[in-house]
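Asks: Sequence:
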Amino acid sequence: MKYSLLATDLDGTLLNDQKEIDVETIEAIHEYRRRGGKVVICSGRSPLSTKWIAHTVGLKGEPIIAYNGAIMLNENGAVQEQAVFQHEPLLHFWELCEAEGIYAHFYEGDTLLVPMVTKWNENWIENNIPPLEKTGGSLTDCEYFRKNCKVMVIDHFYQYMKEKQPKITKIAVFDDGDRLADFSKRIVEQVEDMEISSSFNFLNLEISPSGVTKASALLKLTEQQGIPITQTAAIGDNYNDALMLSMAGLGIAMGNAPEKVKLVADQVTGNNNQAGVAEAIHRYLLD
Numbered sequence: 001m002k003y004s005l006l007a008t009d010l011d012g013t014l015l016n017d018q019k020e021i022d023v024e025t026i027e028a029i030h031e032y033r034r035r036g037g038k039v040v041i042c043s044g045r046s047p048l049s050t051k052w053i054a055h056t057v058g059l060k061g062e063p064i065i066a067y068n069g070a071i072m073l074n075e076n077g078a079v080q081e082q083a084v085f086q087h088e089p090l091l092h093f094w095e096l097c098e099a100e101g102i103y104a105h106f107y108e109g110d111t112l113l114v115p116m117v118t119k120w121n122e123n124w125i126e127n128n129i130p131p132l133e134k135t136g137g138s139l140t141d142c143e144y145f146r147k148n149c150k151v152m153v154i155d156h157f158y159q160y161m162k163e164k165q166p167k168i169t170k171i172a173v174f175d176d177g178d179r180l181a182d183f184s185k186r187i188v189e190q191v192e193d194m195e196i197s198s199s200f201n202f203l204n205l206e207i208s209p210s211g212v213t214k215a216s217a218l219l220k221l222t223e224q225q226g227i228p229i230t231q232t233a234a235i236g237d238n239y240n241d242a243l244m245l246s247m248a249g250l251g252i253a254m255g256n257a258p259e260k261v262k263l264v265a266d267q268v269t270g271n272n273n274q275a276g277v278a279e280a281i282h283r284y285l286l287d
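The sequence shown finishes on residue 287 if you use UniProt numbering, and the numbering steps up by one all the way, no holes.
If you're looking for bench data, these hints aren't it; they were derived computationally from the structure.
Warning: the hint list may mix true and false statements.
[Unchecked claim] In silico PhoX-like links for lysine-lysine, alpha-carbon gap of 20 Å or less:
1) K150 <-> K134
2) K164 <-> K150
3) K185 <-> K260
4) K19 <-> K167
5) K134 <-> K19
6) K164 <-> K119
[Claimed, not checked] With beta-carbon atoms standing in for the labels, derived distance ranges:
7) T230 <-> E189: 47 to 53 Å
8) N148 <-> P228: 18 to 24 Å
9) E88 <-> R283: 45 to 51 Å
Beta carbons are placed, not taken as given, at the ideal position from N, Cα and C, and that holds for glycine.
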C-alpha cells in the first residue's frame, strides 16, 4: 500500500452540507482500513466532536487530531498531547477584540467560554455534536456526548481570563462584515505567539497557539506511528488544511475547496456533497 495513512478534515470534507457522512464514504473508509490503512480525523472541531464522529463512523482504535492540532488523542480517545496559549498573549488578544468591536470565543477542552450569548454560540453544543441520523448516529449516544459539552457565559471576561488563567487551546473569531482579513493582520502585528488560519474563507478566523497546525500535528503523529510522511495522504477543503495538503505524500483537495487550496494539492476530488472522499479513496488509495 503506497499510502498507509489518510488524514481527513471533517467540515466541507468528510461531512456534507447537511453535516452527515455519505454511505459510500463510510464504505470506502472501511475498505481502506480492511486493506491495512489508518484513517485519522484531523479537524478544527473539539475532542468530543471528533470522537463522536469517529464513534459513529466506526473508527475505533484510531488516533485523532482535534482543534487544528492543539489536542492529540491516542487510540483510546485519551488526550495524549495538548498545546495551550500563553497567558499574556491571550489578554492582549482580548484587548484587541474589545478595541475593534470584534467577537471571539475561546475553547477550554470541551467547554466554550463566551462573553455573551450570540448567534455564533447559542447552538454550539448542537452544532458541535450533530445528530448524524442519516450517518447512523444513535440518539442515546448523541445525547451522552452533548451532555459532556458545556457553554460558559462569562460577564466580566477580561477579569475572568486574568484571574482564572484558563487553558485555552483554540480561539474562533466571527464578524458580520468583511473585517476579518484586516483584523488577522492586526493580530500578527500586535499579539505574539498565535497561529491564524481560516476554515470558511475569512467568514471566521481559527487561532491556535504558535507553531500549532494540522500539518505539525500530523507530522508528529506519523513519527509516533513510524509512518514516513511520504506514505501519508491528506484530504481537506480549506485554508487551515493547505499546509497539511502540501506536506503529505499525497495532498487531495475537495472539489469545493477554494482555488488557492486546490493549487497546493496534488489531486482534486469531487465535492463534499458528492462523496468526494470516497472518490479519492477509490481512485488514489486502494492499490
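Asks: It remains to establish, for every hint, whether it holds in the given structure.
Replies: Do the hints match the structure? See the list:
At most 20 Å may separate the alpha-carbon atoms for a hinted pair to count; K150 and K134 exceed this at roughly 25 Å. Taken as a hint, the K164 and K150 pair is honoured in the structure, with Cα atoms around 17 Å apart against an allowance of 20 Å. Restraint check for K185 and K260: the C-alpha separation of about 19 Å stays at or below 20 Å, so the hint holds. Under the criterion of a C-alpha separation no larger than 20 Å, the hint pairing K19 with K167 is inconsistent with the structure, at around 29 Å.
Between K134 and K19 the alpha-carbon distance is near 9 Å, which keeps this suggested pair within the 20 Å criterion. About 26 Å separates the Cα atoms of K164 and K119, which puts this hinted pair outside 20 Å; it is violated. A C-beta distance of roughly 37 Å is found between T230 and E189, which places it outside the suggested range of 47 to 53 Å. Judged by the Cβ atoms, the range 18 to 24 Å given for N148 and P228 is violated: they are separated by roughly 36 Å.
Judged by the Cβ atoms, the range 45 to 51 Å given for E88 and R283 holds: they are separated by roughly 48 Å.
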